[in-house]
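The hints should help you fit chain X onto chain Y, whose structure is shown.
As they're listed, the protein sequences go chains Y and X.
Going by the working numbering, the first residue of the first sequence is number 1, and it counts up by one from there.
Going by the working numbering, the first residue of the second sequence is number 319, and it counts up by one from there.
Ranges of calculated distance between the beta carbons of each label pair, as one might list FRET restraints: (1) Y:Ile144 / X:Asp351: 16 to 26 Å; (2) X:Ala413 / Y:Asn143: 24 to 34 Å; (3) X:Thr442 / Y:Asn143: 25 to 35 Å; (4) Y:Gly139 / X:Asn448: 16 to 26 Å; (5) Y:Pro245 / X:Glu495: 37 to 47 Å; (6) X:Arg320 / Y:His286: 46 to 56 Å; (7) Y:Ala20 / X:Glu426: 55 to 65 Å.
It is worth saying that the hints were derived from the structure and are not from the lab.
Keep in mind that this is a model prediction, so the values were computed, not measured.
Glycine is no exception: its CB is placed at the ideal position from the N, C-alpha and C atoms.
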Amino acid sequence: MAFDAARFVSQKIGELGQYADGNAIIATSGGVDSTTAAVLAKKALGRKLHCVFVDTGLLRKGEAETARKNFKKCGLDVKIVDASSRFLNGLKGVTNPERKRKIIGGLFIRIFEEEARRVQAKYLAQGTIAPDWIESGAGIRDNIKSHHNVGGLPKEMGLLLIEPMRDLYKDEVRLVAKELGIPSDVFSRQPFPGPGLAIRILGEVTKERVEIVREACAIVEEELEAAARKRKMALPWQYFAVLLPVKSVGVQGDVRAYGCTIAVRAVEAADGMTANYSAVPHGVLHKISLRITNAMKDKVNRVVFDVTNKPPATIEWE
Amino acid sequence: MRVPVIDLGSQWTHRIWRTLRDLECDSEIMPPDVPFAKIADADGLVLSGGAVRLAKGEDSKISKCHALLDEFKKPVMGVCAGQQFLALHFGGKVAPAKTPEFGNVGLEVVEANDLFAGMPKRFTVWASHNDEVKSAPGFELLASSSDCKWHAFKHRRLPIYGTLFHPEVVHTQHGAEIYGNFVRVCKR
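The shape of chain Y in the complex, shown without the other chains (with noise of 0.2 Å):
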């Protein structure tokens, strides 16, 4: 028998009325994921719950005006916290993926714990799922990446953790949603890694390079997107661009360029623990390179198409 999301939701709502007893913080990225719980553990927690959704400067081009519009759809109400010179000034200098990934997780908990402070919150509830904490690692399990939410967790967090979707993987999450009458247009959002732009960029984040990445994901975003209501492909289950460490040489009207490199990923994956590279039409491609190069020509004059599966690559970069 297949997973029931009915049941799910009754147990859950049923088990977390034990945390009514203070207040608890929710983080919300406008995410699947994070959405799901926020509107489960609200069914719980009612007006106990306090949701919380922090500008990091590296989101991706008008997502803070989706994740508004989203939350609102599903009866969210949102405090807005913009941090984003606090995350671009934590990431200066930093290149080791590793490093990110942690600054990021201890600069999120920073902020929670700010908001906790100011609503005297007990607990932080989030929207862990399985992939998360199983690719941080820990005991015998290797560390592939530290999710923000788990392995990127500072040791000393003042709050008490509450993950009740810890179990289940993506297409779970969206049966869930689902039951809980969240729009599909919600839950069917592509997935959006909590480190956002940041691990997107290898090498250093700077203000520059956000722009550049954030720019290269709307295009791959809007042309496959367009090629899958054109019916010329299915939509990938994930797709975006990464801007790599690489500059190369080109020429653009009889002038030489040396610019930088963005690479295309699109992949098939139903819980994102496997996933094969998207078999992208190469006239979607194209113009996908066309666009990319044409719109930033001062910045990137290659762009290139990963045909790598997991395993032996993740979906993201780092």
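Same frame as chain Y, but now just chain X:
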């Protein structure tokens, strides 16, 4: 039907748990040093994969599983490092694979058997291994790939099975059916 999963540290241990749960088994993830008393009443046992490099003699973290296997007389299935551990337990050899396999692998079933019952002779499975079984005394070869001989085996006398590939991941064709067939063995 109670089929616990002994966690040797795989990325996909929890996927095994989910697959068994979907097959309506009562399953639970347990550490490799779990006392035998906690699994004594189980109907079967799965040993997950893991990051341990058994070919390099790295078995200190999971060595207590040897005693577990000695005591547990019911069906056992080992996956990846779990399969390699079974081979070593019965006196076989494990070594670094000449060609490691990450991602999709073409599997060929070489001997019709209960683990692959109802499946085609050739299908695609996903693997992720650095090491592989080189010899497995007492075991019968069930399936191979072009780069690896011992992709699946079955003990000649005991209800003990192993696969080097991972039937628990969604990209492996017929993966849930393989666990279904193992659960059927546990029901016997």
